[in-house]
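Student: Sequence:
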Amino acid sequence: MALNLNLSEPDLIVELNDFECEVRNSVEKRAEIQVQLWNQLNELFDSYFANFGENISIISGIVKIWRTLVAQVPNNQNNAVAQKVHVKLEKAIIELLKLENEQSPNEEEIKCLRFSIQALSNMVTGNSETQKIVWSDLISREEDFDLLGGVLKCKDTSAVTVVLVLIFNCIHGVGSRSSEEFVTSAVGIALIRSMLQLAESTLDNEESKTFELVYGIVTRLIEQGHYSILFERLAEASGTISFDQSILLKILDARLSSDEQAEELIDDSTISHMIKSFIKVAGFAVDVLKKTELTVSDYGVGEMSIAYSAIVLFLQTFSKLTHNPNIELANKCTREGLLAAVISLLGEAERVFPRIAKATTTPPEFTTDNDTNKGAEGFAYIKRDIIRLIGNLSYENKFVQDETRDLGGLALVLSNCNIDDRNPYIREYAIFAVRSLLQNNPENQKLVEEMKPINAVQHPVLEEVGVRTELENGKIKLNYTGPAPK
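Quick note on UniProt numbering: the sequence shown kicks off at 1 and runs consecutively.
Rather than coming from a laboratory, the hints here were simulated on the basis of the structure.
As the structure is a prediction and not an experimental result, all values here were calculated from the model.
There may be inaccurate statements among the hints.
[Said to hold, decoys possible] Here are the simulated lysine-lysine pairs, DSBU-like style, with alpha carbons at most 30 Å apart:
#, residue 1, residue 2
1, LYS132, LYS84
2, LYS91, LYS209
3, LYS446, LYS477
4, LYS29, LYS91
5, LYS29, LYS98
[As the list claims (entries may be wrong)] Here are the computed distance ranges between Cβ atoms for each label pair:
#, residue 1, residue 2, range
6, PHE399, SER140, 46 to 52 Å
7, GLU181, ASP267, 38 to 44 Å
8, GLU107, LYS84, 41 to 47 Å
9, GLU28, SER140, 17 to 23 Å
Note that CB positions come from ideal geometry on N, CA and C, so glycine has one too.
Given only the sequences and the hints, what does the whole structure look like? Please build it.
Tutor: Here you go:
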(Lines of atoms letter the chains of each structure in order from A and count residues from 1; the text may use other names and numbers.)
(Lines give C-alpha, C1' and ligand atoms only; values in the text may rest on other atoms or scores of the structure.)
Protein backbone atom coordinates (compact mmCIF):
# COMPACT_ATOMS: atom_id res chain seq x y z
CA MET A 1 0.00 0.00 0.00
CA ALA A 2 1.25 3.47 -0.89
CA LEU A 3 0.13 7.08 -0.84
CA ASN A 4 -0.16 9.39 -3.84
CA LEU A 5 1.50 12.57 -2.62
CA ASN A 6 1.67 14.41 -5.95
CA LEU A 7 -1.61 16.20 -5.35
CA SER A 8 -2.87 19.65 -4.56
CA GLU A 9 -3.35 20.37 -0.86
CA PRO A 10 -7.15 19.89 -0.88
CA ASP A 11 -6.77 16.59 -2.77
CA LEU A 12 -3.91 15.53 -0.49
CA ILE A 13 -6.15 15.97 2.56
CA VAL A 14 -8.76 13.73 0.93
CA GLU A 15 -6.08 11.17 0.01
CA LEU A 16 -4.82 11.03 3.62
CA ASN A 17 -8.31 10.63 5.04
CA ASP A 18 -9.25 7.93 2.52
CA PHE A 19 -6.08 5.99 3.24
CA GLU A 20 -6.72 6.13 6.99
CA CYS A 21 -10.27 4.85 6.49
CA GLU A 22 -8.98 1.98 4.37
CA VAL A 23 -6.50 0.68 6.96
CA ARG A 24 -8.61 1.46 10.04
CA ASN A 25 -10.92 -1.53 9.70
CA SER A 26 -8.29 -4.08 8.72
CA VAL A 27 -5.50 -5.29 10.98
CA GLU A 28 -4.20 -7.34 8.04
CA LYS A 29 -3.75 -4.26 5.87
CA ARG A 30 -2.03 -2.41 8.73
CA ALA A 31 0.33 -5.34 9.16
CA GLU A 32 1.34 -5.16 5.48
CA ILE A 33 2.68 -1.60 5.72
CA GLN A 34 6.26 -1.31 4.45
CA VAL A 35 9.10 0.97 5.57
CA GLN A 36 8.63 3.04 2.39
CA LEU A 37 5.30 4.33 3.70
CA TRP A 38 6.85 5.38 7.00
CA ASN A 39 9.48 7.32 5.08
CA GLN A 40 6.78 9.00 2.97
CA LEU A 41 4.80 10.10 6.01
CA ASN A 42 7.89 11.37 7.82
CA GLU A 43 8.99 13.45 4.82
CA LEU A 44 5.49 14.81 4.36
CA PHE A 45 5.23 15.77 8.06
CA ASP A 46 8.61 17.56 7.99
CA SER A 47 7.75 19.50 4.85
CA TYR A 48 4.50 20.86 6.28
CA PHE A 49 5.57 21.31 9.91
CA ALA A 50 7.41 24.60 9.28
CA ASN A 51 4.07 26.39 8.72
CA PHE A 52 2.24 24.34 11.31
CA GLY A 53 -0.76 26.61 11.90
CA GLU A 54 -1.53 26.99 8.19
CA ASN A 55 -1.11 23.28 7.46
CA ILE A 56 -3.04 21.87 10.43
CA SER A 57 -5.42 19.82 8.24
CA ILE A 58 -2.58 17.99 6.50
CA ILE A 59 -0.66 17.50 9.78
CA SER A 60 -3.86 16.14 11.33
CA GLY A 61 -4.30 13.70 8.43
CA ILE A 62 -0.75 12.37 8.85
CA VAL A 63 -1.12 12.01 12.62
CA LYS A 64 -4.42 10.19 12.22
CA ILE A 65 -2.74 7.64 9.91
CA TRP A 66 0.07 7.12 12.43
CA ARG A 67 -2.52 6.62 15.16
CA THR A 68 -4.28 3.92 13.13
CA LEU A 69 -1.17 2.14 11.85
CA VAL A 70 0.27 1.49 15.33
CA ALA A 71 -2.98 0.21 16.83
CA GLN A 72 -2.62 -3.48 17.75
CA VAL A 73 0.31 -4.08 15.39
CA PRO A 74 3.57 -4.55 17.36
CA ASN A 75 5.74 -4.44 14.23
CA ASN A 76 4.29 -1.06 13.27
CA GLN A 77 4.80 0.18 16.84
CA ASN A 78 8.45 -0.80 16.62
CA ASN A 79 8.85 0.80 13.18
CA ALA A 80 7.22 4.01 14.40
CA VAL A 81 9.65 4.30 17.29
CA ALA A 82 12.58 3.42 15.06
CA GLN A 83 11.48 6.21 12.68
CA LYS A 84 11.22 8.66 15.65
CA VAL A 85 7.51 9.15 15.00
CA HIS A 86 6.98 9.69 18.75
CA VAL A 87 9.36 12.66 18.63
CA LYS A 88 7.39 14.21 15.75
CA LEU A 89 4.16 13.65 17.65
CA GLU A 90 5.63 15.38 20.69
CA LYS A 91 6.57 18.35 18.51
CA ALA A 92 3.04 18.51 17.15
CA ILE A 93 1.53 18.39 20.66
CA ILE A 94 3.77 21.23 21.84
CA GLU A 95 2.78 23.41 18.89
CA LEU A 96 -0.91 22.68 19.47
CA LEU A 97 -0.65 23.57 23.16
CA LYS A 98 1.11 26.81 22.29
CA LEU A 99 -1.70 27.66 19.90
CA GLU A 100 -4.25 26.96 22.63
CA ASN A 101 -2.41 29.27 25.03
CA GLU A 102 -2.40 32.05 22.46
CA GLN A 103 -6.02 31.76 21.33
CA SER A 104 -9.09 29.58 21.56
CA PRO A 105 -8.36 26.45 19.51
CA ASN A 106 -10.51 25.66 16.48
CA GLU A 107 -12.10 22.28 15.86
CA GLU A 108 -9.27 21.04 13.62
CA GLU A 109 -6.62 21.90 16.22
CA ILE A 110 -8.59 20.11 18.96
CA LYS A 111 -8.89 17.01 16.76
CA CYS A 112 -5.20 17.07 15.91
CA LEU A 113 -4.27 17.25 19.60
CA ARG A 114 -6.46 14.24 20.38
CA PHE A 115 -5.09 12.27 17.40
CA SER A 116 -1.49 13.03 18.45
CA ILE A 117 -1.96 11.85 22.03
CA GLN A 118 -3.94 8.81 20.89
CA ALA A 119 -1.13 7.93 18.48
CA LEU A 120 1.42 8.06 21.33
CA SER A 121 -0.86 5.95 23.51
CA ASN A 122 -1.45 3.36 20.74
CA MET A 123 2.28 3.23 20.10
CA VAL A 124 3.02 1.91 23.60
CA THR A 125 -0.07 -0.19 24.33
CA GLY A 126 0.91 -3.82 24.92
CA ASN A 127 4.52 -3.28 23.83
CA SER A 128 7.06 -3.15 26.64
CA GLU A 129 9.92 -2.15 24.33
CA THR A 130 8.21 0.92 22.89
CA GLN A 131 6.90 1.80 26.36
CA LYS A 132 10.42 2.06 27.74
CA ILE A 133 11.63 4.28 24.91
CA VAL A 134 8.63 6.60 24.65
CA TRP A 135 8.10 6.85 28.40
CA SER A 136 11.75 7.64 29.09
CA ASP A 137 11.67 10.33 26.42
CA LEU A 138 8.51 11.91 27.84
CA ILE A 139 9.70 12.23 31.43
CA SER A 140 13.35 13.08 30.84
CA ARG A 141 12.73 15.97 28.48
CA GLU A 142 15.21 18.83 28.73
CA GLU A 143 12.91 21.34 27.07
CA ASP A 144 11.24 23.98 29.22
CA PHE A 145 7.81 23.00 27.92
CA ASP A 146 5.97 20.48 30.11
CA LEU A 147 4.34 18.36 27.41
CA LEU A 148 2.13 15.94 29.34
CA GLY A 149 1.43 18.47 32.09
CA GLY A 150 0.38 20.95 29.43
CA VAL A 151 -2.17 18.48 28.06
CA LEU A 152 -3.56 17.88 31.56
CA LYS A 153 -4.19 21.62 31.86
CA CYS A 154 -5.87 22.00 28.46
CA LYS A 155 -9.60 22.61 28.15
CA ASP A 156 -10.38 19.49 26.13
CA THR A 157 -11.43 16.80 28.61
CA SER A 158 -11.08 14.07 25.97
CA ALA A 159 -7.42 14.98 25.49
CA VAL A 160 -6.92 14.90 29.27
CA THR A 161 -8.46 11.43 29.45
CA VAL A 162 -6.28 10.12 26.62
CA VAL A 163 -3.05 11.41 28.19
CA LEU A 164 -4.00 9.79 31.50
CA VAL A 165 -4.58 6.52 29.64
CA LEU A 166 -1.13 6.94 28.07
CA ILE A 167 0.49 7.44 31.50
CA PHE A 168 -1.56 4.56 32.95
CA ASN A 169 -0.39 2.19 30.19
CA CYS A 170 3.24 3.20 30.62
CA ILE A 171 3.22 2.97 34.43
CA HIS A 172 1.64 -0.49 34.33
CA GLY A 173 4.01 -1.69 31.63
CA VAL A 174 7.42 -0.34 32.58
CA GLY A 175 9.50 -1.73 35.41
CA SER A 176 10.05 -0.24 38.84
CA ARG A 177 13.27 1.45 37.68
CA SER A 178 11.43 3.46 35.04
CA SER A 179 8.77 4.36 37.58
CA GLU A 180 11.50 5.55 39.93
CA GLU A 181 12.63 7.94 37.22
CA PHE A 182 9.06 9.20 37.10
CA VAL A 183 8.86 9.98 40.83
CA THR A 184 12.32 11.56 41.03
CA SER A 185 12.49 13.69 37.86
CA ALA A 186 11.31 17.29 37.90
CA VAL A 187 9.01 16.62 34.94
CA GLY A 188 7.56 13.54 36.64
CA ILE A 189 6.80 15.28 39.93
CA ALA A 190 5.23 18.28 38.17
CA LEU A 191 3.06 15.82 36.27
CA ILE A 192 2.07 13.95 39.44
CA ARG A 193 1.12 17.23 41.14
CA SER A 194 -1.14 18.10 38.21
CA MET A 195 -2.74 14.65 38.31
CA LEU A 196 -3.41 14.80 42.07
CA GLN A 197 -5.05 18.20 41.76
CA LEU A 198 -7.13 16.94 38.85
CA ALA A 199 -8.21 13.95 40.91
CA GLU A 200 -9.29 16.16 43.80
CA SER A 201 -11.27 18.51 41.55
CA THR A 202 -13.14 15.65 39.80
CA LEU A 203 -13.71 13.44 42.85
CA ASP A 204 -17.46 14.13 42.99
CA ASN A 205 -18.00 13.99 39.21
CA GLU A 206 -19.39 10.50 38.64
CA GLU A 207 -19.23 10.89 34.83
CA SER A 208 -15.52 11.70 34.81
CA LYS A 209 -12.92 8.97 34.41
CA THR A 210 -10.19 11.27 35.66
CA PHE A 211 -10.15 10.21 39.31
CA GLU A 212 -10.27 6.52 38.41
CA LEU A 213 -7.29 6.87 36.06
CA VAL A 214 -5.23 8.98 38.47
CA TYR A 215 -6.06 6.52 41.25
CA GLY A 216 -4.81 3.67 39.05
CA ILE A 217 -1.57 5.50 38.24
CA VAL A 218 -0.74 6.57 41.80
CA THR A 219 -1.66 3.22 43.39
CA ARG A 220 0.60 1.51 40.87
CA LEU A 221 3.47 3.73 42.02
CA ILE A 222 2.64 2.85 45.63
CA GLU A 223 2.56 -0.87 44.75
CA GLN A 224 6.03 -0.50 43.24
CA GLY A 225 7.31 0.84 46.57
CA HIS A 226 7.49 4.54 45.76
CA TYR A 227 5.14 5.97 48.41
CA SER A 228 7.86 7.39 50.68
CA ILE A 229 9.82 9.13 47.96
CA LEU A 230 6.59 10.44 46.44
CA PHE A 231 5.51 11.90 49.78
CA GLU A 232 8.88 13.63 50.21
CA ARG A 233 8.97 14.98 46.66
CA LEU A 234 5.46 16.43 47.02
CA ALA A 235 6.48 18.51 50.04
CA GLU A 236 6.64 22.28 49.76
CA ALA A 237 9.55 24.46 50.83
CA SER A 238 7.55 25.98 53.67
CA GLY A 239 4.83 24.37 55.74
CA THR A 240 4.34 21.13 57.62
CA ILE A 241 2.35 19.27 54.98
CA SER A 242 1.26 20.18 51.46
CA PHE A 243 -2.11 19.89 49.79
CA ASP A 244 -0.64 17.40 47.31
CA GLN A 245 0.66 15.22 50.14
CA SER A 246 -2.82 15.13 51.68
CA ILE A 247 -4.31 13.95 48.38
CA LEU A 248 -1.65 11.23 48.18
CA LEU A 249 -2.74 10.12 51.66
CA LYS A 250 -6.35 9.96 50.48
CA ILE A 251 -5.39 7.65 47.62
CA LEU A 252 -3.29 5.47 49.94
CA ASP A 253 -6.21 5.24 52.37
CA ALA A 254 -8.58 4.32 49.55
CA ARG A 255 -6.17 1.65 48.30
CA LEU A 256 -5.86 0.09 51.75
CA SER A 257 -9.66 0.02 52.01
CA SER A 258 -10.03 -1.76 48.68
CA ASP A 259 -9.08 -5.24 49.90
CA GLU A 260 -7.53 -6.99 52.90
CA GLN A 261 -4.39 -7.97 51.02
CA ALA A 262 -3.64 -4.31 50.27
CA GLU A 263 -1.97 -4.00 53.70
CA GLU A 264 0.87 -6.14 52.34
CA LEU A 265 1.88 -3.18 50.15
CA ILE A 266 3.14 -1.30 53.21
CA ASP A 267 6.57 -2.58 54.23
CA ASP A 268 8.51 -1.73 57.40
CA SER A 269 10.41 1.19 55.87
CA THR A 270 7.18 2.74 54.57
CA ILE A 271 5.55 2.39 58.00
CA SER A 272 8.58 4.07 59.60
CA HIS A 273 8.30 6.90 57.11
CA MET A 274 4.59 7.28 57.82
CA ILE A 275 5.19 7.36 61.58
CA LYS A 276 7.85 10.02 61.16
CA SER A 277 5.55 12.09 58.93
CA PHE A 278 2.64 11.74 61.37
CA ILE A 279 4.78 12.81 64.35
CA LYS A 280 5.72 15.96 62.44
CA VAL A 281 2.12 16.84 61.54
CA ALA A 282 0.76 15.92 64.99
CA GLY A 283 3.47 18.04 66.63
CA PHE A 284 2.42 21.00 64.50
CA ALA A 285 -1.22 20.46 65.52
CA VAL A 286 -0.33 20.25 69.23
CA ASP A 287 1.63 23.52 69.00
CA VAL A 288 -1.35 25.24 67.36
CA LEU A 289 -3.81 23.88 69.94
CA LYS A 290 -1.61 25.26 72.74
CA LYS A 291 -2.10 28.80 71.40
CA THR A 292 -4.92 29.84 73.68
CA GLU A 293 -5.57 33.07 71.79
CA LEU A 294 -7.04 31.12 68.84
CA THR A 295 -10.77 30.57 68.47
CA VAL A 296 -12.30 27.26 67.36
CA SER A 297 -12.94 28.65 63.86
CA ASP A 298 -9.20 29.31 63.43
CA TYR A 299 -8.54 25.56 63.34
CA GLY A 300 -10.52 25.11 60.13
CA VAL A 301 -8.46 27.35 57.85
CA GLY A 302 -5.08 27.42 56.15
CA GLU A 303 -2.32 24.96 56.97
CA MET A 304 -4.16 23.71 60.05
CA SER A 305 -7.04 22.56 57.85
CA ILE A 306 -4.64 20.55 55.64
CA ALA A 307 -2.89 19.17 58.73
CA TYR A 308 -6.24 18.13 60.18
CA SER A 309 -7.13 16.20 57.02
CA ALA A 310 -3.72 14.54 57.02
CA ILE A 311 -4.03 13.53 60.69
CA VAL A 312 -7.43 11.91 60.09
CA LEU A 313 -6.07 10.01 57.09
CA PHE A 314 -2.90 8.92 58.91
CA LEU A 315 -4.95 7.68 61.87
CA GLN A 316 -7.31 5.76 59.59
CA THR A 317 -4.36 4.18 57.81
CA PHE A 318 -2.62 3.17 61.04
CA SER A 319 -5.89 1.74 62.38
CA LYS A 320 -6.31 -0.38 59.26
CA LEU A 321 -2.72 -1.63 59.44
CA THR A 322 -3.11 -2.60 63.12
CA HIS A 323 -6.67 -3.92 62.93
CA ASN A 324 -5.49 -7.53 63.06
CA PRO A 325 -3.38 -8.24 66.18
CA ASN A 326 0.33 -7.95 65.38
CA ILE A 327 2.63 -7.70 68.39
CA GLU A 328 5.71 -6.91 66.29
CA LEU A 329 3.98 -4.09 64.42
CA ALA A 330 2.43 -2.64 67.60
CA ASN A 331 5.83 -2.63 69.33
CA LYS A 332 7.42 -0.99 66.30
CA CYS A 333 4.79 1.79 66.28
CA THR A 334 5.31 2.34 70.00
CA ARG A 335 9.13 2.35 69.93
CA GLU A 336 9.22 4.74 66.97
CA GLY A 337 7.04 7.31 68.73
CA LEU A 338 3.58 6.84 67.25
CA LEU A 339 1.93 6.02 70.59
CA ALA A 340 3.49 9.03 72.34
CA ALA A 341 2.45 11.33 69.49
CA VAL A 342 -1.20 10.25 69.50
CA ILE A 343 -1.50 10.47 73.29
CA SER A 344 0.00 13.98 73.25
CA LEU A 345 -2.45 15.02 70.55
CA LEU A 346 -5.36 13.39 72.40
CA GLY A 347 -4.49 15.35 75.54
CA GLU A 348 -4.56 18.70 73.73
CA ALA A 349 -7.70 17.81 71.79
CA GLU A 350 -9.39 16.82 75.07
CA ARG A 351 -8.52 20.18 76.57
CA VAL A 352 -9.46 22.38 73.63
CA PHE A 353 -12.48 20.47 72.30
CA PRO A 354 -14.70 19.27 75.15
CA ARG A 355 -17.21 16.68 74.13
CA ILE A 356 -20.59 17.60 72.69
CA ALA A 357 -22.93 15.14 74.35
CA LYS A 358 -26.45 16.23 73.53
CA ALA A 359 -26.78 13.27 71.15
CA THR A 360 -29.96 14.75 69.70
CA THR A 361 -29.13 13.66 66.17
CA THR A 362 -28.08 10.39 64.63
CA PRO A 363 -24.25 10.25 64.57
CA PRO A 364 -22.71 10.24 61.09
CA GLU A 365 -21.09 7.13 59.69
CA PHE A 366 -17.37 6.64 59.99
CA THR A 367 -15.35 9.38 58.40
CA THR A 368 -14.81 9.25 54.68
CA ASP A 369 -12.43 11.20 52.46
CA ASN A 370 -15.02 13.95 52.07
CA ASP A 371 -15.64 14.21 55.81
CA THR A 372 -12.16 15.59 56.38
CA ASN A 373 -13.19 18.74 54.54
CA LYS A 374 -16.00 19.42 57.01
CA GLY A 375 -14.71 18.72 60.50
CA ALA A 376 -11.51 20.73 60.94
CA GLU A 377 -13.05 23.48 63.06
CA GLY A 378 -14.12 21.05 65.78
CA PHE A 379 -11.32 18.54 65.21
CA ALA A 380 -14.04 15.97 64.50
CA TYR A 381 -13.11 12.27 64.50
CA ILE A 382 -9.59 12.86 65.85
CA LYS A 383 -10.19 11.67 69.42
CA ARG A 384 -12.24 8.71 68.22
CA ASP A 385 -9.58 7.55 65.78
CA ILE A 386 -6.77 7.98 68.32
CA ILE A 387 -8.62 5.86 70.88
CA ARG A 388 -9.39 3.24 68.23
CA LEU A 389 -5.66 3.08 67.42
CA ILE A 390 -4.67 2.82 71.10
CA GLY A 391 -7.11 -0.07 71.49
CA ASN A 392 -5.58 -1.84 68.48
CA LEU A 393 -1.99 -1.34 69.62
CA SER A 394 -2.56 -2.40 73.22
CA TYR A 395 -4.58 -5.53 72.51
CA GLU A 396 -2.86 -8.43 74.32
CA ASN A 397 0.36 -6.39 74.38
CA LYS A 398 1.73 -5.58 77.86
CA PHE A 399 4.55 -3.43 76.50
CA VAL A 400 2.08 -1.05 74.82
CA GLN A 401 -0.28 -1.23 77.84
CA ASP A 402 2.54 -0.11 80.16
CA GLU A 403 3.72 2.61 77.77
CA THR A 404 0.19 3.97 77.49
CA ARG A 405 -0.07 4.18 81.29
CA ASP A 406 3.35 5.86 81.63
CA LEU A 407 2.42 8.42 78.96
CA GLY A 408 -0.84 9.31 80.71
CA GLY A 409 -2.98 7.70 78.05
CA LEU A 410 -5.01 5.43 80.31
CA ALA A 411 -6.77 8.29 82.08
CA LEU A 412 -7.43 10.02 78.76
CA VAL A 413 -9.06 6.90 77.34
CA LEU A 414 -11.20 6.48 80.47
CA SER A 415 -12.41 10.06 80.24
CA ASN A 416 -13.78 9.39 76.75
CA CYS A 417 -16.15 6.56 77.66
CA ASN A 418 -18.98 8.93 76.84
CA ILE A 419 -21.04 10.04 73.85
CA ASP A 420 -19.45 12.82 71.81
CA ASP A 421 -21.20 14.04 68.69
CA ARG A 422 -17.90 15.28 67.24
CA ASN A 423 -16.57 11.74 67.56
CA PRO A 424 -19.29 9.24 66.69
CA TYR A 425 -18.94 5.84 68.40
CA ILE A 426 -16.05 7.06 70.57
CA ARG A 427 -17.70 5.52 73.63
CA GLU A 428 -17.65 2.06 72.05
CA TYR A 429 -14.02 2.42 70.94
CA ALA A 430 -13.02 3.74 74.38
CA ILE A 431 -14.65 0.78 76.14
CA PHE A 432 -12.75 -1.62 73.85
CA ALA A 433 -9.51 0.31 74.45
CA VAL A 434 -10.00 0.21 78.24
CA ARG A 435 -10.54 -3.53 78.06
CA SER A 436 -7.36 -3.94 75.98
CA LEU A 437 -5.36 -1.75 78.40
CA LEU A 438 -6.52 -3.57 81.54
CA GLN A 439 -6.44 -7.15 80.27
CA ASN A 440 -3.78 -9.18 82.15
CA ASN A 441 -2.16 -5.95 83.38
CA PRO A 442 -2.32 -5.66 87.20
CA GLU A 443 -0.54 -2.28 87.22
CA ASN A 444 -3.16 -0.69 84.97
CA GLN A 445 -5.97 -2.34 86.91
CA LYS A 446 -4.58 -0.98 90.17
CA LEU A 447 -4.26 2.52 88.73
CA VAL A 448 -7.92 2.51 87.74
CA GLU A 449 -8.96 1.19 91.17
CA GLU A 450 -7.07 4.03 92.86
CA MET A 451 -8.66 6.73 90.74
CA LYS A 452 -11.04 9.03 92.60
CA PRO A 453 -13.59 11.49 91.22
CA ILE A 454 -12.39 15.08 91.53
CA ASN A 455 -15.26 16.98 89.93
CA ALA A 456 -18.76 16.54 88.57
CA VAL A 457 -19.20 17.59 84.96
CA GLN A 458 -22.68 18.69 83.92
CA HIS A 459 -24.35 16.67 81.19
CA PRO A 460 -26.40 18.72 78.67
CA VAL A 461 -29.14 16.11 78.39
CA LEU A 462 -29.61 16.03 82.20
CA GLU A 463 -29.57 19.82 82.34
CA GLU A 464 -32.38 19.99 79.80
CA VAL A 465 -34.62 17.99 82.14
CA GLY A 466 -33.64 20.01 85.21
CA VAL A 467 -31.00 17.74 86.72
CA ARG A 468 -27.53 18.81 87.91
CA THR A 469 -24.76 16.59 89.24
CA GLU A 470 -22.66 17.35 92.30
CA LEU A 471 -19.79 15.55 94.01
CA GLU A 472 -20.39 14.89 97.70
CA ASN A 473 -18.08 12.70 99.82
CA GLY A 474 -16.66 11.07 96.71
CA LYS A 475 -20.08 10.16 95.36
CA ILE A 476 -22.26 11.64 92.65
CA LYS A 477 -25.43 13.31 93.89
CA LEU A 478 -28.32 14.47 91.66
CA ASN A 479 -29.98 17.79 92.38
CA TYR A 480 -33.23 18.81 90.73
CA THR A 481 -33.85 22.40 89.69
CA GLY A 482 -37.53 21.49 89.27
CA PRO A 483 -39.79 18.94 90.96
CA ALA A 484 -37.95 15.68 91.68
CA PRO A 485 -39.34 12.63 89.87
CA LYS A 486 -41.63 10.46 92.00
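Student: Hint compliance check: list the failing hint numbers for this structure, sorted ascending.
Tutor: Per hint list: 5, 7, 8 and 9 violated.
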